[in-house]
Amino acid sequence: MQILITGILLGGVYAIVAMGLSLQYGVARIMNLASGEMLVAGAFAAFWVVMAHSFSPYVALLWVVPGAFVFNWLIYRYLLLPLVRRAKSRGQLEVDSILVTFGLSFALVGIFLMVFGGSFFNYSYLSRPVEFMGSRYGLNRVVAFWIAVAICAALWYWIHYTRSGMAIRAVSVDPVSAGLVAIDVPRMSTFAFALGGAVAASGGVLLSTFLTFDASVGIVFTMKALIIVIMGGVGDMRGAIVAALVLGMTETVVARLVDPGLTLASAYLLFVLVLLFRPQGLFGRSTT
Amino acid sequence: MKTENSTCQTVQPLVPLCLRHAILGMVAGTLALSLTLGSALAQSSDPIRVGAVAPKTGALAGGAAVTFWPNIALWEQEVNADGGLLMEDGTRRPVQIIEYDDRTDPSETIRSVQRLANNDNADFIIAPYGTGLALAAAPIFDRLGYPMINVSAITDQVDTMTSRYDGVFFTLGETTPLAQGIAEQMVELRDAGEVGNRVAMVNVADAFGIELAQAAGVIFEQNGFDVVYNRSYPPTIQDVSPVMSSVIDANPDVFVAFSYPPDTFALTEAAQIQDLQVDAFYTAVATPFPSYRERFGDSINGVFGVGGVNPDSERFIEYEQAHIEVAGQGPDYWASAVTYASLEVLAQAIEGVGAPDRDAVTEYIKNNPFDTVMGEWVFEDQRINNYWTVGQWQDGKFHGIRATGDLEGAVEPIRKEGW
Chain A
1353 MQILITGILL GGVYAIVAMG LSLQYGVARI MNLASGEMLV AGAFAAFWVV MAHSFSPYVA
1413 LLWVVPGAFV FNWLIYRYLL LPLVRRAKSR GQLEVDSILV TFGLSFALVG IFLMVFGGSF
1473 FNYSYLSRPV EFMGSRYGLN RVVAFWIAVA ICAALWYWIH YTRSGMAIRA VSVDPVSAGL
1533 VAIDVPRMST FAFALGGAVA ASGGVLLSTF LTFDASVGIV FTMKALIIVI MGGVGDMRGA
1593 IVAALVLGMT ETVVARLVDP GLTLASAYLL FVLVLLFRPQ GLFGRSTT
Chain B
36 MKTENSTCQT VQPLVPLCLR HAILGMVAGT LALSLTLGSA LAQSSDPIRV GAVAPKTGAL
96 AGGAAVTFWP NIALWEQEVN ADGGLLMEDG TRRPVQIIEY DDRTDPSETI RSVQRLANND
156 NADFIIAPYG TGLALAAAPI FDRLGYPMIN VSAITDQVDT MTSRYDGVFF TLGETTPLAQ
216 GIAEQMVELR DAGEVGNRVA MVNVADAFGI ELAQAAGVIF EQNGFDVVYN RSYPPTIQDV
276 SPVMSSVIDA NPDVFVAFSY PPDTFALTEA AQIQDLQVDA FYTAVATPFP SYRERFGDSI
336 NGVFGVGGVN PDSERFIEYE QAHIEVAGQG PDYWASAVTY ASLEVLAQAI EGVGAPDRDA
396 VTEYIKNNPF DTVMGEWVFE DQRINNYWTV GQWQDGKFHG IRATGDLEGA VEPIRKEGW
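Heads up: the protein sequence lines correspond to chains A and B, in order. Numbered per our numbering, the first sequence spans residues 1353 to 1640. Numbered per our numbering, the second sequence spans residues 36 to 454.
In short, the hints are calculated from the structure, not lab data. Given the structure is predicted, the values throughout are model-derived calculations rather than measurements. Cβ atoms here follow ideal geometry from the backbone N, Cα and C, with glycine treated the same way. Fair warning: there could be bad hints in the mix.
[Unchecked claim] Quick list of simulated restraints, FRET-style, between CB atoms:
(1) B:Asn156 / A:Glu1446: 50 to 56 Å
(2) B:Glu452 / A:Thr1514: 52 to 58 Å
(3) B:Pro141 / A:Leu1414: 41 to 47 Å
Kindly generate the complete structure, drawing on both the sequences and the hints.
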């Protein structure tokens, strides 16, 4: 039971880390390698709010979300849209966007270093235990998990039950046909990319409440997000959430019952197995 | 910091690589320029050029930002405030620091050292930060003829390295004695009836953690300890609570973690949240960081950690003040002061020789005592044999409690009373 809960807590956090990339890659077709850096930006914002104003780090969400949204909007509009227009095929766009966002990730790390310096950052927030069924869990992790659930649920509702959400799904399935039914594809893509950035940054706020981070830790989360998005099936939010929970659970079970040294190996083993037996991802449609 | 223009003009498939390098070069170049320009302008025409290669990004950047870079800045400022280093002919030459980011990548460390020697004509190069990076760079220091005074390089290969390379020095200690330090401390405390017999050990799965865990495990078992849990975890672990649950299930009396900064914080927090009750709690790197105290406050009273200093010595207090003024943060209570001491050695050796003559400086280091923030240093077989192995947080300060040699200021360990 304790393993189950710990695994779900970890999976919930992974879900929000991956959700941002899922929107950006699934809808806007941008394999954003700077996704982890957006997350770190959110973490720094939360750190700053706590240190300078001694507010709750979640106060940072109030301006991290709009800030990251606008920033990512601008990135897509001025950095990536020219690439989208120029790209002759989806493959070319992927290569181009990987290069640009890879460069962007270095630029962002450089900016973090200049502004905050390179040392480790963490702060103590809700670092107390909660008892549940005889085991103790960190309150900060539990709170982060529920906020992640709330954000995921809101996204889910929006994508599946609103008109603009349906447009997003349409673009994700087929951008060309979506254009034929009067969906403004560039606009929806920009929106999805900006929203993805905002989600990633809010994930950073959540993570900062219990993880020690530094300016260059982003790549770790980009990799995790990448694994989850591909495992879940590109462009499928449901898949990303399930994959995140499976990953969190696997890592916890292995750490607890086998050997904590094998958590990383188990994560990649899972990834390889999914690629071998379901290359389109858990919920992905096979490409024709 | 490398642009590698030659590759950029070659065949088509390399274009992506070029873009990456160009962006990297731009970012890094601007960074380096802004870092060195300020000091370069202020100084007279003929400075002694000192290269520094260490992570500003990558896995070890956080540690380097605490332990390495602030000391370089402090040393540069202190030396130049005196007008520079005194030369044979009575003139003073300021030092000019040239910084490179190796991105925690050994091949990049080696390239940067080569670049410092060949392109920047550095007179001296400060030893890189981090065991793996420093050991990777030792052969190139030797081949290019630069003395290398290592600090953050903890290994059991000191004998091999010093016999093979004439100008390589070690100052912070060797793996086995550091592991022995904590293990023997526990043996002593157990024999005095202070701690129980059951040990849980965890370690980060990289060279540092594995070497220390192996060395400590042997000593624990030889001394009749019951090792009830002994596992490693990967360096990028995101949740240590399953590890802590397993530790608690094993019901240990002593908890020993050969950990790195992020997991040192995570393990301590998990121990507090999940309420690990032990007689002795030990974590490794970052335990002596001031940020550890800021994060956990009084709850860490009695926590054991790797290394130590004598925080009450006059020299250390003076150094701590200067460090806070220059860096805006305090030094850590272990490798920071040793890093600064290694720079003092370099400065005193250059002044002793009276010229930036690398071979003569190497010889001088081998044959002379040095007056440093860590006390008097004499290199024996190219290494310092007196160093702190175990320290403990006591009333807001991290005191050295055990050393390999006879170091001044060791205090008695105190008992840990819950969290």
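So, going through the hints one by one against the coordinates:
no., hint, in the structure
1, B:Asn156 / A:Glu1446: 50 to 56 Å, "44 Å, violated"
2, B:Glu452 / A:Thr1514: 52 to 58 Å, "57 Å, holds"
3, B:Pro141 / A:Leu1414: 41 to 47 Å, "43 Å, holds"
Going down the numbered hints, you'll see the structure goes against just number 1.
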